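Number of protein chains: 2
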Amino acid sequence: MKLTILFAIVVLVIVSLTVPVFAADPLPSWNDGAAKQSIVNFVQRVITPGKDFVPVAERIATFDNDGTLWAEQPIYFQLAFALDRVKALAPQHPEWKDKEPFASLLKGDLKGALAGGEPAIFQIVMATHTGMTTEEFEQIVKEWTTTAKHPKIKRLYTEMVYQPMLELLAYLRANGFKTFIVSGGGIEFMRPWTEKAYGIPPEQVVGSSIKTKLELRDGKPVLVRLPEINFIDDKAGKPVGINEHIGRRPILAFGNSDGDLQMLQWTAAGSGMRFVGLVHHTDADREWAYDRTSHIGTLDKALDEAKAKGWTVVDMKKDWREIYPK
Amino acid sequence: MKLTILFAIVVLVIVSLTVPVFAADPLPSWNDGAAKQSIVNFVQRVITPGKDFVPVAERIATFDNDGTLWAEQPIYFQLAFALDRVKALAPQHPEWKDKEPFASLLKGDLKGALAGGEPAIFQIVMATHTGMTTEEFEQIVKEWTTTAKHPKIKRLYTEMVYQPMLELLAYLRANGFKTFIVSGGGIEFMRPWTEKAYGIPPEQVVGSSIKTKLELRDGKPVLVRLPEINFIDDKAGKPVGINEHIGRRPILAFGNSDGDLQMLQWTAAGSGMRFVGLVHHTDADREWAYDRTSHIGTLDKALDEAKAKGWTVVDMKKDWREIYPK
Numbered sequence: 019m020k021l022t023i024l025f026a027i028v029v030l031v032i033v034s035l036t037v038p039v040f041a042a043d044p045l046p047s048w049n050d051g052a053a054k055q056s057i058v059n060f061v062q063r064v065i066t067p068g069k070d071f072v073p074v075a076e077r078i079a080t081f082d083n084d085g086t087l088w089a090e091q092p093i094y095f096q097l098a099f100a101l102d103r104v105k106a107l108a109p110q111h112p113e114w115k116d117k118e119p120f121a122s123l124l125k126g127d128l129k130g131a132l133a134g135g136e137p138a139i140f141q142i143v144m145a146t147h148t149g150m151t152t153e154e155f156e157q158i159v160k161e162w163t164t165t166a167k168h169p170k171i172k173r174l175y176t177e178m179v180y181q182p183m184l185e186l187l188a189y190l191r192a193n194g195f196k197t198f199i200v201s202g203g204g205i206e207f208m209r210p211w212t213e214k215a216y217g218i219p220p221e222q223v224v225g226s227s228i229k230t231k232l233e234l235r236d237g238k239p240v241l242v243r244l245p246e247i248n249f250i251d252d253k254a255g256k257p258v259g260i261n262e263h264i265g266r267r268p269i270l271a272f273g274n275s276d277g278d279l280q281m282l283q284w285t286a287a288g289s290g291m292r293f294v295g296l297v298h299h300t301d302a303d304r305e306w307a308y309d310r311t312s313h314i315g316t317l318d319k320a321l322d323e324a325k326a327k328g329w330t331v332v333d334m335k336k337d338w339r340e341i342y343p344k
Numbered sequence: 019m020k021l022t023i024l025f026a027i028v029v030l031v032i033v034s035l036t037v038p039v040f041a042a043d044p045l046p047s048w049n050d051g052a053a054k055q056s057i058v059n060f061v062q063r064v065i066t067p068g069k070d071f072v073p074v075a076e077r078i079a080t081f082d083n084d085g086t087l088w089a090e091q092p093i094y095f096q097l098a099f100a101l102d103r104v105k106a107l108a109p110q111h112p113e114w115k116d117k118e119p120f121a122s123l124l125k126g127d128l129k130g131a132l133a134g135g136e137p138a139i140f141q142i143v144m145a146t147h148t149g150m151t152t153e154e155f156e157q158i159v160k161e162w163t164t165t166a167k168h169p170k171i172k173r174l175y176t177e178m179v180y181q182p183m184l185e186l187l188a189y190l191r192a193n194g195f196k197t198f199i200v201s202g203g204g205i206e207f208m209r210p211w212t213e214k215a216y217g218i219p220p221e222q223v224v225g226s227s228i229k230t231k232l233e234l235r236d237g238k239p240v241l242v243r244l245p246e247i248n249f250i251d252d253k254a255g256k257p258v259g260i261n262e263h264i265g266r267r268p269i270l271a272f273g274n275s276d277g278d279l280q281m282l283q284w285t286a287a288g289s290g291m292r293f294v295g296l297v298h299h300t301d302a303d304r305e306w307a308y309d310r311t312s313h314i315g316t317l318d319k320a321l322d323e324a325k326a327k328g329w330t331v332v333d334m335k336k337d338w339r340e341i342y343p344k
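Protein chains in written order, with this note's numbering: chain H, 19 to 344; chain Y, 19 to 344.
For the record, the hints were derived by calculation from the structure and aren't laboratory data.
Don't take each hint at face value.
Ranges between beta-carbon positions, derived for each pair [what the hints assert, rightly or not]:
no., chain 1, residue 1, chain 2, residue 2, range
1, Y, Met150, H, Glu118, 43 to 53 Å
2, Y, Lys172, H, Val58, 47 to 57 Å
3, H, Glu177, Y, Lys231, 30 to 40 Å
4, Y, Lys231, H, Gly290, 46 to 56 Å
5, Y, Asp127, H, Gly135, 50 to 60 Å
6, Y, Lys336, H, Asn248, 41 to 51 Å
7, H, Ser289, Y, Lys336, 42 to 52 Å
As the structure is a computational prediction, the values presented were derived from the model and not from experiment.
Virtual Cβ for every residue (Gly too), placed ideally from N, Cα, C.
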């Protein structure tokens with residue numbers, strides 16, 4: 019009798035070491051509904067041996083960043099960073115007082131500064147993102163992301179990541195997926211904080227970039243950031259960036275705007291099971307509500323295509339129980 | 019008494035499930051000597067809690083490919099691929115009969131074809147590597163690597179990888195390292211076979227590239243390979259490529275030529291423990307012997323710097339028990 023009981027203990031010990039505890043809901047911030055169901059169905063089908071099974075090495079998931087993993091209103095957060103840098107650097111640039119777009123900006127007239135359109139933004143970005151070494155830029159970004167706060171929400175920008183998407187990233191990784199960011203934002207603006215914020219390491223971040231150049235400074239090699247565009251990881255550039263950095267087609271992709279459309283089409287065009295998702299900003303109370311006519315995160319053609327193709331459209335207001343981490 | 023015995027069994031079962039068996043030599047194809055010792059010492063120091071400890075996420079190791087992970091004589095294997103493609107494509111290009119470097123090449127006069135130097139090689143590469151989609155190119159490379167054989171060794175090129183380096187890659191990964199290729203070779207020429215040959219997935223391959231463009235063909239999005247250089251991942255380009263693709267500085271780097279010098283310097287210049295290694299081709303019997311005056315894999319400045327800085331120089335003849343996998 020004793021033998022039987024102890025044998026049972028041995029079995030229990032072995033079982034407890036090898037079989038995971040039955041999992042709690044991996045997506046607690048998602049309300050039950052079609053969006054959540056479609057995610058869970060997809061993951062279960064590709065990890066279960068059978069016709070839809072996908073080997074671990076091919077479980078590549080790509081996510082846009084602005085408006086998909088963190089907020090993007092009232093202006094892209096990287097632009098907020100650039101504007102803060104203009105103010106910080108102004109004492110070293112007395113000539114900016116008489117030079118647009120800097121002059122308007124320093125007078126607090128953002129609208130006037132941005133009236134120059136893309137060339138004005140280009141000037142602001144180049145003045146604030148280049149000239150230093152990659153390591154110096156990393157420190158500047160780290161300092162900003164740990165101190166600057168959003169004007170409306172009054173939280174650090176890196177705290178304005180979406181709790182449901184954090185759960186989705188973790189759920190995918192727990193099921194053997196490798197999660198990547200594929201963003202129009204600057205690759206070196208994102209890398210200093212994506213690992214902490216999303217669990218996505220620098221080597222899994224794809225973004226827009228400027229050219230860099232190897233130089234010796236004080237006898238040590240450094241990479242200097244040059245005022246020259248290297249790559250724009252947006253629209254038709256996203257499949258190009260995915261191919262260059264990942265070299266495999268994703269089986270899951272998530273975006274929120276027309277800038278993501280080609281990435282979503284590229285993902286959908288692969289063979290086998292595919293998941294294509296869009297975050298639709300529908301929550302004016304807890305976040306922002308915008309789509310077809312918004313200048314930031316315009317969602318028009320991609321919304322039509324999602325409906326036509328049966329892609330998953332996440333209705334932020336209905337589908338998300340929480341927006342930001344508590 | 020029975021209780022004690024069974025308790026002992028429970029303990030043994032638990033222990034056997036949690037403690038790894040004392041490891042056999044992880045580098046059996048390396049002869050005992052300074053090179054092997056320096057590798058093992060480095061790995062043990064960075065994985066052991068203490069002042070030299072490096073967190074898993076920062077255990078980045080980068081390897082050159084040609085001459086470091088696989089052979090590169092008598093011509094770079096990618097050039098052998100290009101030459102084979104010229105022959106295969108010749109029927110579709112009757113004009114090549116009167117056009118250099120193709121004319122010489124098709125007559126079997128390699129020396130004459132390459133007499134045109136870099137512009138001739140550029141023409142051969144563009145004629146054979148562009149115009150098709152990325153997926154078509156992948157298939158072409160796969161077919162070549164599974165059929166073409168080296169003229170002297172009479173084995174598939176992908177079987178001319180170095181057994182000691184395969185063991186080193188596996189040893190590093192078993193100790194939490196992420197292993198990357200950083201090669202002057204074409205990124206899309208390597209990716210179709212690096213996972214099988216080295217256990218290195220496509221997203222961990224950095225190399226030279228041409229531009230690609232998203233197009234719709236038969237209603238499906240494809241990436242077309244354009245006859246335009248995107249990036250040359252050699253010399254001062256290697257730290258640039260590492261920064262762009264990995265976004266972290268390696269703590270270990272291995273090369274074999276002056277083309278790797280800047281990658282090695284970039285690695286050495288980081289703070290904390292660093293390992294910098296060179297494969298020195300010293301074995302004319304089992305492989306090839308070449309260094310300072312070789313046109314392929316010139317090893318001159320990097321050899322001097324390795325000696326001056328105390329980097330690990332692997333003497334292929336003395337340090338490697340085996341060259342290729344059996």
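For this session: With 43 to 53 Å as the target window, see if Met150(Y) and Glu118(H) comply at their CB atoms.
Result: Distance hint for Met150(Y), Glu118(H) holds at roughly 47 Å.
For this session: Evaluate the given range 42 to 52 Å for the C-beta pair formed by Ser289(H) and Lys336(Y).
Result: Distance hint for Ser289(H), Lys336(Y) holds at roughly 50 Å.
Exercise. Is the distance from the Cβ of Glu177(H) to the Cβ of Lys231(Y) consistent with 30 to 40 Å?
Worked result: 39 Å, holds
For this session: Can you let me know if the beta-carbon spacing of Lys231(Y) and Gly290(H) is within 46 to 56 Å?
Result: Given a distance of about 25 Å, which is not inside 46 to 56 Å, the answer is violated.
For this session: For the range 50 to 60 Å, tell me whether the beta carbons of Asp127(Y) and Gly135(H) fit it or not.
Result: 57 Å, holds
Exercise. Lys336(Y) and Asn248(H), beta-carbon distance inside 41 to 51 Å?
Worked result: 43 Å, holds
Exercise. Is it true that the C-beta distance of Lys172(Y) to Val58(H) lies inside 47 to 57 Å, as the hint says?
Worked result: The hinted range 47 to 57 Å holds for Lys172(Y) and Val58(H), with Cβ atoms some 53 Å apart.
When the structure is compared with the earlier hints, a violation turns up for hint 4 alone.
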